[in-house]
Amino acid sequence: MNLDFSDDQKLLQEEAKKFLTKEDALKINRAVMDSDKTYDQELWNKIVGLGWTGIRIPEEYQGLGLSHLELCVIAEELGRQVAPVPFSSSVYLFTETLIEFGSEEQKNSILPKLVTGDVIGTLAIAETNSAPSKDNISVALKDGKLSGTKIAVPDAEVATHAVVVAKNGDNVSLCVVDLNSDDVDITVQRNIDESRGYYSVSFNGANAEIIGDEESGWSNLEKIMDHAAVLFSFEQIGGAQASLDMANKYAKERYAFGRPIGSFQSMKHKLADMYVALTLAKSNSFYGAWALSSNAAELPTAAATARVSATKAFQLCSQENIQTHGGNGFTWEYDCHMFYKRSKVLSLNLGSLPSWREKLIKSLEQANIKL
Amino acid sequence: MNLDFSDDQKLLQEEAKKFLTKEDALKINRAVMDSDKTYDQELWNKIVGLGWTGIRIPEEYQGLGLSHLELCVIAEELGRQVAPVPFSSSVYLFTETLIEFGSEEQKNSILPKLVTGDVIGTLAIAETNSAPSKDNISVALKDGKLSGTKIAVPDAEVATHAVVVAKNGDNVSLCVVDLNSDDVDITVQRNIDESRGYYSVSFNGANAEIIGDEESGWSNLEKIMDHAAVLFSFEQIGGAQASLDMANKYAKERYAFGRPIGSFQSMKHKLADMYVALTLAKSNSFYGAWALSSNAAELPTAAATARVSATKAFQLCSQENIQTHGGNGFTWEYDCHMFYKRSKVLSLNLGSLPSWREKLIKSLEQANIKL
Amino acid sequence: MDFNDTPQEAEFRAKCRAWLEVNAELKTKKTNSAKNMNIGNKSLLEAAAEWQKKKYDAGWAMIHWPKEFGGIGATPIERIIWAQEESKFNVPKGVYEIGLGMAGPVMMEYATDEQKERYLPPMAEGKEIWCQLFSEPSAGSDVAGLRSKAVQDGENWIVNGQKVWTSGAHFSDFGILVVRHDAGLEKHKGLTFFFVDMKSPGIEVKPIKQLTGGSSFNEVYFNDVVIPDSQRLGEIGDGWKVAITTLMNERLAVGDADGVDANEAFELAKKHDKDGEQLIDNNAVRESIADWYCEASGLKNTKLRTMSALSRGDTPGPEASITKIVSANKLQAIGNFGMDSSDMSGMLMDEKSDFIKFQMAWMGAAGLRIAGGTDEILKNIIAERVLGLPQEARADKGLAFKDIPSGS
Amino acid sequence: MDFNDTPQEAEFRAKCRAWLEVNAELKTKKTNSAKNMNIGNKSLLEAAAEWQKKKYDAGWAMIHWPKEFGGIGATPIERIIWAQEESKFNVPKGVYEIGLGMAGPVMMEYATDEQKERYLPPMAEGKEIWCQLFSEPSAGSDVAGLRSKAVQDGENWIVNGQKVWTSGAHFSDFGILVVRHDAGLEKHKGLTFFFVDMKSPGIEVKPIKQLTGGSSFNEVYFNDVVIPDSQRLGEIGDGWKVAITTLMNERLAVGDADGVDANEAFELAKKHDKDGEQLIDNNAVRESIADWYCEASGLKNTKLRTMSALSRGDTPGPEASITKIVSANKLQAIGNFGMDSSDMSGMLMDEKSDFIKFQMAWMGAAGLRIAGGTDEILKNIIAERVLGLPQEARADKGLAFKDIPSGS
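Chains as they are written, first to last, in my numbering: chain A, 1 to 371; chain B, 1 to 371; chain C, 1 to 408; chain D, 1 to 408.
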């Protein structure tokens, strides 16, 4: 019985934490927010240099050949420090798709470049402000050419490639597109988190190559979403933990009425509620990590469970961290808002909380899993 | 602008409160719980003697000829003291049906007896453990004879008559039945509130007389439910207020750690939350009372709004009153449980909280009402 | 019970209405009145000044004030009727409210007759704008813990320190101010109240950038600012007594959270689909909207009950204290709902979309739960003042202010 | 990460399993093990005694105890494995848990060698049942505020007072007891710990009737009860130190709320229809079940993380403290859900219906949120012991117990 990371994985996590602390990722994130940029190139280069983009890429493609578990601990640290890099898009979404469904040729040509940073990827799904479904995909793939517009594509500006969910005759297929092509127009879309970039991406007959079985695009996408749900949940618990830590520190240092505000029972209970939500989310994320790394049949359930509780925990912790900070929490100067905004963006990036609750129940109906 | 009761109505309420306090209705309720009885005959006789069962009955039928508003203030006091009498069944449900839909003959024969207490009525709706709907009524009326079984009929043992919702060919009709008939079998059903009686009632060809238009039985029932929702909401806010008052008193008197527990912030905020819920419910109930007494077009919306918020307020207040009392709150000896149980019974008697939320939204969809 | 005005009220309402119809434009569905102050938004300032002057000239500016200062001595219910009618018209808001609502009553009660004559009419007329200088970086919920210092120097006081969360400081002419004149006294006893010319040398105003990216508030620094003793309001050491009236006015004034409510959630749900299904057909959405509707209706009817009391000439009960707690939390929940409704694209802020107001609500609500008294402080107030629960033992009781633990 | 036992753990589990399969009956879906003690339910007492004896004879009764008292010196992870396996079998519960879980450790740590020899084996064998006597009418959350008095009289102590919430007092042979020996000392310093023969003259046991109508607990009155000083556990004045270990054991032992959980809600929703629609097709129901499932799964996986720590030989973290808060509140919500699901007939308690367990949950949860530490006390514990937030100033600090305000 071991629902925990190994000593090696914990060591990797410790090193990631030290690195991001030394770089002061939170401060870099603030600088990105205050600029027109949507990520930090230098920090990203260093992350690539550390090999994190190749963690899951097999050694034959110049990656580190490690497991999802190593990715989970890195994700938690990136979440804790709100790092402004295209890691989630490129690694959890794009690279995972390549590894799971890429042909030998596709893997050979792209995976090594993901390791070196020459390729950065993303995943383009949404087209309307409704939840994407098999039936509302209209970006079309025909004779190897892609046309139509995707919205809310994360990191599309820095990304060189995208996996695009496309209508392909009667099927939905996944395909890979070079975003630097002249047939692709990328326009920034303002979003609630000034340190993240979301874009509308128009394809005007751009060349696209199908990845994976062309009839299974939608179910393959669902599999990638399950993978990403677990990885995102680690970013979320990292952010939730950081929010709770900030609130805790402030509650001890801030005095009102002659005593630390953390000695007031309403503050204690608020922080206890945050701790409870975070602990449940963390335990469920560990379970999700196990299911992901062991490719267990329970993955759809475990991923949705991790996702729902991590989304709730991060939203609660970042929201009540602001409340704990009082007026200061509502300023740009304090860091609280970075976590509040990131909590919402992380929750929406893979589909909303109600959507994931629904996925969870569907998985229970299908799998007949019992607690 | 006057969203308040008149001085006369407030005087009536004050007298009702004094009467029920002098009688010690709460203690009578406890005695009923400790016995096999499901109501108190003596208290009921006194209530009849005060004329309360005839408040809404026109003077031509020997009633007091007053409005729904007078009934609302009485309801609030009965709720405050958890009075163990068949008032809600007989007055809010049965009498209201007679007044709204009875023929002149029916009114002549029954209304005066409701005033004198010779008739006590109830309303029989449910047959299964699903929410009653037009389509799941199977108790059948044919050639003036009723057959089939109703369940969860309140006060059926003490009641002499019932309005029964029955399938009548293709229609649903309301009809009046004499419960003392040999063709009616009444069996007590154990329920969560030992001071209230619910019964299964079987009709074996009992004589029944249609009341109201035979094709409009269901919509007439809905109208009666809207009336009752407002009246029940006053019982509920009375109970919620009593629960809050108990919690407040205990929080001031009970000491722990050398101070009154009401000085702890978590207790303060708990009681503040109860106060907030109660205030919203009370204001909505006042609005419901206005809509009911003025027969306003908004009644379905106002009734559902009052009902939903009063149900939530009473459930919250009675539940957290137990929590405030700690271990004592969980004993039979303290009064807290009487309110907890009554809160749930009052909420279910007219259909559950989800059902009323649904009615509220339906009414908004139909009426296009704006705040 | 009835929702109709009394004959007198109806007559007064008709009068308000008649004047408004001539002088302003009725709101329509499409009207978006400029509600928020923006730094340097001159057109709002100008528009507000113009409207205020118009009202003043016709006697509508401060109707509850005595005639001599530009009012008509209106009753509380008449004030409400005026406000209800005015709110139906598209008129500029956000410039004068604080001065008129908070500085006005204090000046009315504590200023000398000469000062009232000098300051109140221009305040009502809109010639001079007032702001309020209470909160400090180390004194938020515990306002009385403020540290700005005033030292008496002959006929003057020299003030040093920093205030925060001052709306409109950058365009105000005067401010009301509470400062500490003696840190050797107990916390509440060492405070004194002034009004100050915002153009005084040594006053520096800096905007505070908020979570939203906007700046509706300011920090105000005082560096050896000279205030004549004649601008003291109340006795030396009575500062808390003077301030507390103003604070209660603020807590009432903050009131309802502006922005999306149950109706907007309902409209969105009817219009929008998700997963191929109309949102309004989703029972979870229906249940949430039902609960929000009940809360919104409860607040509205609570206000009507308060008005009923006013209408009878009674003093209203403490019910109003619940408004901000309920509406700010509801706003945060509804904001979240709106963003979740557009799923993967819920973060996109498109000015033309149906969702932007939900995003603004979600951001703004985080501040509203704090401004004008946090959820926690307001619940304490309900518990102690309404329910009569005992105060906690005060850690700062009986201590000289300078000896109170402050963590620094 | 893996969910498999280590080879040693697997071997131990197989041993447990093998013995259990021979000696008990596997639970089936239909098995309803008698979980609750009922006054005078002799068959449960007998069945429990028989099972306890069987385990004792085979060495399974208290496996973590040393051999000399009937154990096998098992590791913490082995204890868990045994408990997991035993819980899969239909064996009687509710008689010995408190004695073995709370009195056992105290006796093990504080009793003399002779006393251990005399009392521990019969306790493990089930010949003698023990109960716990801490709470009092005026000392619930503030257990140390207890008032029962012990006065020393030569070699004996004379005890007077009243205890409450004592499970199993009416069938227990011995009890562990904390009382006040000196009200002139500070609250926590005036307490002393004993064990007492429950058949002593002057002890009177009365059942407490609960909200549910049942009686699982008792009041215990002490009238001049004589306890030999030799039955003192720990030094005079060390009563709180001895008691606190036991209380922490209780808070861990209370743990998960028994009764309906997300699975039962899910099963009900799949089976039941309302308004002509399957409940499970209602999105509001789906969302609630999803949230309950996540909470239940979170608690389960938190336990597995604790086990992982034990399995490595580490001391587990404080995560366990959240179990009762979460599960008792979830139980109350799910109980409500079940009752609301049958709408107008939701109050009917039919032993044979699907709904009765939801009704019992709704009633029981109101008590579970209090028993073994209220929600509020447990949140304080998380805030102070886990998050390190500062304690409030204690109103009773430094005062002699008799001078502490008690409101009476």
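Derived from the structure by calculation, the hints contain no laboratory data. Check before you lean on any hint, since a few could be wrong.
Some chain C residues close to chain D (C-beta under 7 angstroms, calculated; not the full set) [unchecked claim]:
1) Asn282
2) Asn283
3) Ala284
4) Glu287
With a cut-off of at most 27 angstroms between alpha-carbon atoms, the simulated DSS-like pairs for lysine-lysine come out as follows [as the list claims (entries may be wrong)]:
5) A:Lys107 to A:Lys223
6) C:Lys206 to A:Lys37
7) B:Lys134 to D:Lys270
8) D:Lys402 to C:Lys397
9) C:Lys352 to A:Lys252
10) D:Lys270 to D:Lys27
11) B:Lys134 to D:Lys189
12) B:Lys362 to C:Lys397
13) B:Lys362 to C:Lys300
14) B:Lys252 to D:Lys54
15) B:Lys167 to D:Lys271
16) D:Lys54 to D:Lys27
17) D:Lys357 to A:Lys362
18) D:Lys397 to A:Lys252
Each residue gets a CB set at the ideal place from its N, CA and C atoms; glycine is no exception.
Hints, one by one, checked against the model:
Checking C:Asn282 against chain D: minimum C-beta separation of about 5 angstroms stays under 7 angstroms; hint holds. Evaluation of the C:Asn283 hint against chain D yields a held restraint, the C-beta minimum of about 4 angstroms falling below 7 angstroms. Interface hint status for C:Ala284: upheld, as the beta-carbon distance to the closest one in chain D is roughly 4 angstroms, under 7 angstroms. Hint on C:Glu287 holds. Least Cβ distance to chain D is approximately 5 angstroms, under the 7 angstroms limit.
Taking the CA atoms of A:Lys107 and A:Lys223, the gap is about 18 angstroms. The hint holds against a cut of 27 angstroms. Pair hint C:Lys206 plus A:Lys37 holds up; C-alpha atoms about 26 angstroms apart against a cutoff of 27 angstroms. Taken as a hint, the B:Lys134 and D:Lys270 pair is honoured in the structure, with Cα atoms around 23 angstroms apart against an allowance of 27 angstroms. For the hint pairing D:Lys402 with C:Lys397, the CA-to-CA distance comes to about 25 angstroms; that is within 27 angstroms, so the pair holds.
Proposed proximity of C:Lys352 and A:Lys252 is contradicted: the alpha carbons are some 44 angstroms apart, above 27 angstroms. A C-alpha spacing of about 24 angstroms is found between D:Lys270 and D:Lys27, which places the hinted pair at or below 27 angstroms, so the restraint holds. Proximity of B:Lys134 to D:Lys189 is assessed by CA-CA distance (about 69 angstroms); at most 27 angstroms being required, the pair is judged violated. For the hint linking B:Lys362 to C:Lys397, the alpha-carbon distance of about 56 angstroms lies beyond 27 angstroms, and the restraint is violated.
The straight-line distance between the Cα atoms of B:Lys362 and C:Lys300 is roughly 21 angstroms, inside the 27 angstroms bound, and the hint therefore holds. The hinted pair formed by B:Lys252 and D:Lys54 fails the criterion: a straight-line CA distance of about 52 angstroms is larger than 27 angstroms. For the proposed pair B:Lys167 and D:Lys271, the alpha carbon gap of about 26 angstroms is at most 27 angstroms, so the pair holds. Proposed proximity of D:Lys54 and D:Lys27 is supported: the alpha carbons are some 18 angstroms apart, at most 27 angstroms.
Of the supplied pair hints, the one linking D:Lys357 and A:Lys362 holds, its CA atoms being roughly 25 angstroms apart against a limit of 27 angstroms. The hinted pair formed by D:Lys397 and A:Lys252 meets the criterion: a straight-line CA distance of about 22 angstroms does not exceed 27 angstroms.
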